[in-house]
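Engineer: Residue numbers (our numbering), protein chains in the order written: chain A, 1 to 262; chain B, 1 to 129.
These aren't lab readings, by the way, just hints derived from the structure by calculation. Where hints are given, some of them may not hold.
[What the hints assert, rightly or not] Derived DMTMM-like pairs (lysine to aspartate or glutamate); straight-line CA-CA distance at most 25 Å:
1. K33(B) to E245(A)
2. K230(A) to E46(B)
3. K102(B) to D98(A)
4. K86(B) to E192(A)
5. K102(B) to E192(A)
6. K63(A) to D96(A)
7. K83(A) to E245(A)
8. K63(A) to D127(B)
9. K64(A) to E77(A)
10. K81(A) to D71(A)
11. K102(B) to D96(A)
12. K64(A) to D57(B)
13. K217(A) to D191(A)
14. K221(A) to D71(A)
15. K86(B) to D235(A)
16. K102(B) to E247(A)
17. K33(B) to D96(A)
18. K179(A) to D235(A)
19. K83(A) to D96(A)
20. K150(A) to E192(A)
21. K121(A) to E77(B)
22. K63(A) to D30(B)
23. K217(A) to D178(A)
24. K179(A) to D214(A)
25. K63(A) to D178(A)
[Said to hold, decoys possible] Here are some chain B residues the structure puts well away from chain A; computed CB gaps all over 10 Å:
26. V36
27. T43
28. P106
29. F115
30. K117
31. G119
No experiment lies behind these values; they were computed from the predicted model shown. Positions of the beta carbon are idealized from the N, C-alpha and C atoms, including for glycine.
Spelled out, the chains give:
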Amino acid sequence: MRHTALFSALLLSAALFCISPAHAQTKASAAGAPAQKQTAVPDLSGNWLGSPPTFSISDPSGKKAGTAEDDTPYRPETLAKLKSERPEAGPRGTFDTDDPRIVYCDPIGIPRIYVVPNLFKFVQTPDTVYQIFEYNTLGRQIPLNRQHPKDPDPTWWGDSVAHYEGDTLVIDTVGFNDKTWLDHVGRPHSDELHLIERFHRIDHDNLQLDLTIDDPKAYTKTWYGRKVFKLSQRDFVEHSCSMSENEHFRQNIIDPTLTKAK
Amino acid sequence: MKNYPIRTTVVVLLLFSVPVFAHHGNAGYDMAKMTVLQKATITQVEWGNPHCQIHFDVTDDKGTVEHWLVEAPPPSELRPRSWTRKSLNAGDEVTIYFHAAKNGAPVGIIQKVIFTKDGSILRAYPDPK
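Produce the complete structure using the sequences and hints provided.
Structural biologist: Next comes the structure, spelled out in structure tokens:
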């Protein structure tokens with residue numbers, strides 16, 4: 001995936017090359033990639049609304065994170081890292097968070113981008129699937145039917161490629177750094193994370209995301225997540241993370257709330 | 001926190017937690033209690049990220065004015081609830097529902113306001129079930 005700050009350029013290029021998802025598509029492969037014939041491209045159009053705080057199937061509310069009831073297959077050092085964080089939500093949720101996306105406006109990354117209560121949409125073209133996120137006015141470019149580069153540099157958003165399997169869009173991402181959290185309760189990942197996102201419109205108003213989290217450095221086995229997004233009728237509203245606004249909010253709300261009772 | 005007369009202050013104990021999710025979580029607020037202050041006067045509305053901020057004043061039995069500040073969701077969440085930057089203005093008198101800080105600081109997270117003049121309602125979050 002190539003992540004760009006040139007959001008307007010993304011929108012323009014997406015608009016120029018957008019096709020009807022119902023059109024038949026045959027995509028030639030890039031060098032070395034197996035050719036994949038498409039008879040139809042699933043229609044993923046619409047504004048989809050996410051919801052907090054996790055995509056964990058057994059812990060959607062995040063209340064179990066790091067407790068004895070948490071069935072996430074942490075390696076010991078991963079569990080220790082989870083418990084060392086000060087997340088905003090979950091059993092150790094605190095106002096005095098060290099969440100880097102709040103403290104520093106760090107990129108939220110994937111899959112955590114799906115647990116904010118904001119919209120996202122797909123723009124499907126013959127060569128590329130674009131994701132446009134309301135949160136922080138982000139765009140994601142995902143080339144179709146290509147292979148990952150060898151030994152990609154670790155980045156916030158990793159390197160993503162995609163293909164269609166019937167009515168499902170499959171996005172495969174590697175090449176992450178280890179600085180983002182998987183969700184709002186602070187589940188960590190390593191730079192060996194291999195993430196597979198499978199988007200499937202289960203009916204007109206519901207889009208299901210099935211996640212495969214394969215990260216042998218951080219977890220003892222592959223584990224799975226799920227999120228169902230609702231089709232929203234509202235339009236995008238600007239959302240931007242600003243350090244100056246965050247600091248103003250901290251001074252007004254967070255700091256008074258953290259001071260000891262008089 | 002100061003004591004407010006019964007006629008202007010109501011604390012509602014909630015049987016179920018409210019599905020409010022601020023970007024920094026809710027750990028600093030008493031989510032089991034809803035504080036209701038009548039005849040609150042809005043003094044400033046800050047429309048922005050990461051959260052809108054609503055400043056208001058209330059007057060206790062002794063005539064002492066106390067300044068409060070409550071956070072609201074960001075514009076991206078308020079606008080879909082038909083709450084625009086012009087919906088609530090300085091000088092408006094309202095009954096305000098919010099969860100106050102656990103430590104007694106005069107801050108909190110808003111649930112809704114009801115305008116004194118006509119009873120119309122602005123909801124920041126869906127009402128608790």
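Engineer: Given the hint that K83(A) pairs with D96(A), test it: the Cα-Cα distance must not exceed 25 Å.
Structural biologist: The hint holds at about 14 Å.
Engineer: Against the 25 Å threshold, does the CA-CA distance of K64(A) and D57(B) hold or violate the hint?
Structural biologist: violated (39 Å)
Engineer: Holds or violated: are the alpha carbons of K102(B) and E247(A) at most 25 Å from each other?
Structural biologist: holds (22 Å)
Engineer: CA of K33(B) to CA of E245(A), is that 25 Å or under?
Structural biologist: violated (28 Å)
Engineer: Holds or violated: are the alpha carbons of K217(A) and D191(A) at most 25 Å from each other?
Structural biologist: Roughly 8 Å between the alpha carbons, so the hint for K217(A) and D191(A) holds.
Engineer: Below or equal to 25 Å on CA atoms is what counts here, so check K63(A) against D178(A).
Structural biologist: holds (23 Å)
Engineer: Would you mind confirming whether the straight-line C-alpha gap from K86(B) to E192(A) stays at or under 25 Å?
Structural biologist: violated (48 Å)
Engineer: Holds or violated: are the alpha carbons of K64(A) and E77(A) at most 25 Å from each other?
Structural biologist: holds (18 Å)
Engineer: Would you assess whether V36(B), listed as outside the interface, keeps its beta-carbon beyond 10 Å of every beta-carbon in chain A?
Structural biologist: Given a closest Cβ separation of 20 Å, the condition holds.
Engineer: Does the claim that F115(B) lies outside the interface with chain A hold up, using a Cβ gap greater than 10 Å?
Structural biologist: holds (24 Å)
Engineer: Hint check: K33(B) vs D96(A), CA-CA at most 25 Å. Holds or violated?
Structural biologist: holds (21 Å)
Engineer: Would the hint linking K86(B) and D235(A) be met if the CA-CA limit is 25 Å?
Structural biologist: holds (19 Å)
Going through the hint list in order, the structure does not satisfy hints 1, 2, 4, 5, 7, 12, 18 and 28.
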